[in-house]
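All chains, full assembly: derive it from the sequences and hints.
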Amino acid sequence: MVLMSPFPCALAWGSALTVIHNDAYRVLLGGAADHQGRAFDALWEQSWESMGASVFKVLQGQGSLIEDAPLAVYREGITGKAWVSGCFSPIRDDGGAVAGFLHALFETTASVGACHEWRELAQSFDARLAQYLADPEHTWQLSPDVMLMLDADLRVRTANPAWHRLLGWDEAAPMQMALPDLFHPADRTEAQLTLMALVQGHAAPPFEGRVRHSDGHYCWFRWTGSAHQLLPTLVGRNITADRHEVQRLAEAAVRDSQRMEGVVKVAGGLAHEMNNVLSGVGSSLELLERRLAQGRMERVDEYVRMARECAQRAIGLTQNLLAFARSQPLAPNPLSINRLLEEAEPILRQTLGAEMTLNMQLDVAPWPLQVDPDTLRNALLHLCSNARDACLGEGNLTIHTANERLEMPSEGPEALPPGDYVTLQVEDDGHGMSRQDLARVFEPFYTTKPLGQGAGLGLPMVHGFVQQSGGQMWIESAIDQGTRVVMMFPRYQGTLPDSIAHDATPRQMQSERLLLVDDESNLRGLMKEALVDYGFEVCDVPDANSALGQFRHGGPFDLVITDIGLPGGFSGRQVARALRMMKPEQKILFITGYTAEPVEQSLLDEPGTALMFKPFSLQMLVEQIQRMLQA
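The numbering of the sequence shown is the numbering used here, which starts it at -8 and goes up by one.
A few of these clues could be false.
[What the hints assert, rightly or not] Below, in silico cross-link-like pairs of lysine to aspartate or glutamate (EDC-like), each with a Cα-Cα straight-line distance of 16 Å or less:
#1 Lys605 to Glu511
#2 Lys574 to Glu597
#3 Lys519 to Glu503
#4 Lys72 to Glu58
#5 Lys72 to Asp117
#6 Lys605 to Glu503
#7 Lys72 to Asp59
#8 Lys519 to Glu614
#9 Lys605 to Asp365
#10 Lys574 to Glu614
#11 Lys72 to Glu40
#12 Lys48 to Asp32
#13 Lys72 to Glu98
#14 Lys72 to Asp85
These are calculated hints, taken from the structure and not from any lab test.
Here the structure is a predicted model, which means the values were calculated and not measured.
The structure is reproduced here in structure tokens:
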């Protein structure tokens, strides 16, 4: 086995450790032929210091391994040094005693030499790199920060490449002026004092200042100076991005604070107005209940009227708040602004009063709009009411319409993109507003009217409506110069539909079957009672699961009326989809007070689908149902 192995192997046997080796082992020993039969310790006499411990260990019955051990070898008549790895394995006789050992080797001189060469190369590279980095010239050239040297007149004697890279100045340009002249005027004094201290050999703390770029804008730098050189040295780190980020965060914090102040103001104003409204409703109903209990019918109609008026005020309050928040549910329709103004003229004149003059200056061919007509009428009523109060009931109000084409984006924070727009202006010759009032007119619950004469929601409502309609609104006014309100709406690119007249008086129906789904039990009961009075057969349920069960087992129904927001995890939208899977032609009327996720337009565009926003009168509900059943 030893003689046939391709690796250098030798057997040391007996008490004299007589060696028997193969040819590969002989090559490692130098190629001489007289090593057979020699003692192992004599064979490795020159390397015994590194090898002897392993021999004694293996003779005690313990194998050992050596790696990259240096050995003195005799080759071609020359004694040299080699590195080997190998093992010593004990060989036992029949009695279990160690009778000798096997010595197997392979030379690692080449790999050890390669490792030494790589190590020397790495050390050489590290030394050259340290020398390179220690050279100030390289730091000067490679630094991402501006590095300057100043003379006694605070002029830049020399600058590193970052000076040109970050500030655009040629190396010779700054030498024509003192460095403080390049600082922003607001930072120049501090910079000059700090630089003078450095020139005089004094220590100076770091400071931040803006330096003018060659193109004229300013960049923020944090400057650190050293007076321990032949010439004072100044190092500047560009912190423009950091300053902008700090400024952005500060502005965001201010906006958040202002937003919270606005929320508090809106909540307080809403609580005040709603308390007044609820007090009126509660008091009217309390007196109505007492009179009915007493059997007295006098003034009952008046109590009902007062409760209804308070309810209408509450409706207007919630609609104005939603319009201000641009969350008001709108039903935009294509319309002619001139036609709407002509139809609204009688009520506008009634709002202004007999002592006010209304002038209509209408474009002969205004472009069509697509806005919510009812909300636009309400906005005009608000503006007319404000104009009447500003004129103290006597004055002139002019309503003007015109087409306008924007070639460039409009000015202001709510800039409109280029395109075609219709301008609607409402102008009065009243007492006008101060600049302070003009800056706050769109704040909710801010009013210049005496206490109790205005809630401060009219202009915010109009402003929110215009923005929600894709337009822009602004106000021009000055003390004793009157007020002009300007609204711009995008042009509707389609054609106006023919107006369809319909009878506004609900008629008695012929027992059509309705499924009513609403979780508000009081409202559901009132709607059911009113619909039964008009001849409908009504089945009412409080949630989606009940609606699906009733539709499956209690149908068919001519119309399903469902609230969008329902309890139990299923919305009115999901109810509608499920019902139309069972009956694709099912007519569905959605009703909702407010939803953060509006009904998809694709669902509303399906035949037999409509949407109504609470609050609505029972008569309006009946009219809508009749229109859908007759369609």
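Hints and how they fare:
1. Lys605 to Glu511: Cα-Cα ~12 Å, so holds.
2. Lys574 to Glu597: Within the cut-off at roughly 13 Å; holds.
3. Lys519 to Glu503: 13 Å, holds
4. Lys72 to Glu58: Satisfied, since the Cα-Cα distance of roughly 15 Å is no more than 16 Å.
5. Lys72 to Asp117: 29 Å, violated
6. Lys605 to Glu503: Distance of about 23 Å is beyond 16 Å: violated.
7. Lys72 to Asp59: 12 Å, holds
8. Lys519 to Glu614: 15 Å, holds
9. Lys605 to Asp365: Roughly 15 Å separates the two Cα atoms, so the pair holds.
10. Lys574 to Glu614: 24 Å, violated
11. Lys72 to Glu40: 14 Å, holds
12. Lys48 to Asp32: 14 Å, holds
13. Lys72 to Glu98: Measuring from Cα to Cα gives roughly 11 Å; hence the hint holds.
14. Lys72 to Asp85: Measuring from Cα to Cα gives roughly 39 Å; hence the hint is violated.
Hints 5, 6, 10, 14, counting from the list given before, are not met by this structure.
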